[in-house]
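All chains, full assembly: derive it from the sequences and hints.
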Amino acid sequence: MIHHLAGHTRDTLAAERVRSGKKPGAAKERAHALVSWFAGRRSEALDPSPYETALPEAVPAIDADGTVRFAVRLDDGAVVETVLIRQPSRLTVCLSSQVGCARGCVFCETGRLGLVRNLEAWEIVAQYAIAARHLGLRPRNVVFMGMGEPLDNLEEVLRAISVLAEPAGFAVPERRITVSTVGIVPKMDELYRRSRVNVALSLHALDARTRLSLLPVARRYPLEDVRDAVARSPRTVLLQWTLIEGTNDSDADAEALAAFAGGLDVRVNLIPLNPGPDPALRAPPLERCRTFQKRLADRGVRTMLRLPHGCSVGGACGQLSGRLRTDAGEVTAPR
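Going by this note's numbering, the sequence shown opens with residue 248, and the numbers climb by one from there.
Just so you know, the hints here were simulated from the structure itself, not pulled from any lab data.
Values in this document were obtained by computation on a predicted structure and should not be read as measured data.
Each hint should be verified, as a subset may be incorrect.
Capping the alpha-carbon separation at 16 Å, the derived lysine to aspartate or glutamate pairs in EDC-like fashion look like this [unchecked claim]:
#, residue 1, residue 2
1, K270, D258
2, K434, E403
3, K434, D472
4, K434, E402
5, K434, D498
6, K541, E502
7, K275, D258
8, K269, D258
9, K434, D399
10, K541, E471
11, K275, E263
Below, the structure written as structure tokens:
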């Protein structure tokens, strides 16, 4: 039995009630009411027992650009981070899928933690609910780009996606959900088969030595296999490229990326490196980033230069470290 309402769709909730002896019709009606109520669609008082509905403690930190980073303390004391990104035409919630991460990408704070544990589906959905209640509305865009490698926790991530997409509940369309991965090829294929979400691939380098120095996973999944996996996607794949000065921002790097993208249904997301665990790594000047972008565009590659959101509160890409931050400083949560 899933103990928290955040882990349920109408169907899973109704099935549990039928197994407990309720009639199917009454079970479906009650499941619909509970799922809608938890998502904030119904205001009447309901008794949700035997299910829990309380959300984990969340400490918000708000950047001047409107980005909100929530440090979410889970039942076992571990902390994950959730980011609410405000843009002129959209609201996006960035969710964590693990406490820590096993993949060890060198420019990512989460990778320094190692993997502590996977999150359960309800813990993932609870992050979205925290952001929605903070706003007083349900954001329509979700990205799994927080702490963790989502495809290393695929079953719980898929369950969370089902709950988020539940029409009677939060009703986030799967086409507005993006799952990021460092390139776990077999799991990419499984994700294609079992969902209609978008996929973002953390690419970052095409020279084998450079790629391996940035992404240890490159040792297991060579670029040829990763490109083939991108080609098999039934939807446009977002290629993530973190621009690092002197590492992957040259004209030759742009040419290699354009060649990789050739013939594929992809868009390139350029992300100037945010301050992170290695002070020797830094972003190129903005003008260099724009030159890189133009070189791609001139070769027919759809591309976007993403400016940072939430840097001052440690909520930007690569900065999520699983710490509670307060005005008095940082307190690392117990694991």
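Hint check results:
1. K270 to D258: Holds, because 14 Å separates the two Cα atoms, which is no more than 16 Å.
2. K434 to E403: Distance of about 13 Å is within 16 Å: holds.
3. K434 to D472: holds, 12 Å
4. K434 to E402: Roughly 10 Å separates the two Cα atoms, so the pair holds.
5. K434 to D498: Roughly 32 Å between the alpha carbons, so the hint for K434 and D498 is violated.
6. K541 to E502: holds, 11 Å
7. K275 to D258: holds, 8 Å
8. K269 to D258: Judged against 16 Å, a Cα distance of about 14 Å means the pair holds.
9. K434 to D399: With Cα atoms ~8 Å apart, K434 and D399 stay inside 16 Å; holds.
10. K541 to E471: Given that 16 Å is the threshold and the Cα spacing comes to 26 Å, the pair is violated.
11. K275 to E263: holds, 10 Å
Going down the numbered hints, you'll see the structure goes against 5, 10, while the others check out.
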